[in-house]
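Visitor: Chain residues, written in single-letter form:
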Amino acid sequence: MIQDEQHPTESLILQLAIGLLFPFMLLFGFYIIANGHYTPGGGFQGGGILASLFIARYVIFPVEDIDSEKLHSLQRIFLAFILLVPLFFLFSGIITQFPLLRKPYLTIMDILIGIQVGFGLGVAVLRFAFFQGSGQTWHL
Amino acid sequence: MIDSFILMVMCLFALLAIQTRLLRNAIIHLAVVSLLAAFLYMRMAAPELAIAEAVIGSGLVTLLYLAALKRNRVYTIAIVGNGETSRLADRYMHHIERTNALHEIRQFFLVREYEVQVVFIPETLEQALRNEAYDLVIQEDDSGIVAYTDDESYVMMELEMLIQMRGAQSDLRFARYQQTGATLQLIDPSAG
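Sequence order for the protein chains is A and B. In this text, residue positions in the first sequence follow our numbering: the first is 1, and each later residue adds one. In this text, residue positions in the second sequence follow our numbering: the first is 1, and each later residue adds one.
Hints were generated in silico from the structure; no laboratory data involved. A portion of the hints provided could be inaccurate.
[Said to hold, decoys possible] To give a feel for the contact side, a few chain A residues facing chain B, derived at Cβ under 8 Å:
#1 P40
#2 G41
#3 F44
#4 G48
#5 I49
#6 A51
#7 I55
#8 A56
#9 V59
#10 L121
[Claimed, not checked] Quick list of the computed label-pair ranges, beta carbon to beta carbon:
#11 I18/B to I77/A: 35 to 45 Å
#12 L12/A to S4/B: 37 to 47 Å
#13 M157/B to I77/A: 51 to 61 Å
#14 L110/B to Q15/A: 24 to 34 Å
Backbone N, C-alpha and C fix where the C-beta goes; we use that ideal spot for every residue, glycine too.
The whole structure should be built from the sequences, with the hints applied where relevant.
Guide: If you want it as structure tokens, here you go:
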């Protein structure tokens, strides 16, 4: 439990519960992303779970130490890849020549979309939490 | 059969969400509505949508609302026991909860849409006053209930003025204190 002047303390129940769930949420998000092409789920849903990790972290530890500018530019890079990968796979005709590549292609697209959505929603929420108002961090 | 039952429960929780006056309860009710919608999608053989609804509706949006509620300040009212009653914490707290004074204080915060939480603390009065997490400290003595407020808090001054204007229908008295550095000084303890 972190407890000093700069870090306002949250309740121990929240800290323990979210701390316990955190790795499972991470694992579940990547599971949904990785199995998106043949089970329900996929990039967007998994990305939503990854984004909720950012907010969960903010709820138990409201400190402004995530560089949201960096996250924003990372998210833009992934967005560029989302546009470039289909261009490479579909327009060059590789998919039709090698049907075995279909599954890897879908998985790659799911992972890219998942990380992009996760960073995008995470940045939106962190901006909302940190940068509106006076920039001061409130605690319960 | 199950579907219509779930739909009715959804309607119930949606109504509860707009009827409650505490914002946090409304957020949780909305999360329940979203979760039931996800279950309904599942029963209608749309698992993809169900996952999206569960993740976005009841996960992300709930957490976002809670983070937004955090920016809205929560006022903490601390109730301090007096000596011999501190062992009977539950009964003492119920006794205080039922008093007219606490009801009026709650109404004051509800009308202004501030979130308020009441805690019973085992600390002594001086420790409670020094702790900056408590906005209002309440202690019962022989003549009634005394509310200790910080001299610099405008909201508490407003509360004090409002309750004094209502007249003597509640047995609530106010005492202000001022904290400068390490010294704690009561200002005019017989106010009210």
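Visitor: A separate judgement is required for each hint: does it hold in the structure or not?
Guide: Structure-based check of each hint:
no. : hint                        : in the structure
1   : P40                         : 4 Å, holds
2   : G41                         : 5 Å, holds
3   : F44                         : 7 Å, holds
4   : G48                         : 4 Å, holds
5   : I49                         : 6 Å, holds
6   : A51                         : 6 Å, holds
7   : I55                         : 4 Å, holds
8   : A56                         : 7 Å, holds
9   : V59                         : 6 Å, holds
10  : L121                        : 7 Å, holds
11  : I18/B to I77/A: 35 to 45 Å  : 42 Å, holds
12  : L12/A to S4/B: 37 to 47 Å   : 42 Å, holds
13  : M157/B to I77/A: 51 to 61 Å : 53 Å, holds
14  : L110/B to Q15/A: 24 to 34 Å : 29 Å, holds
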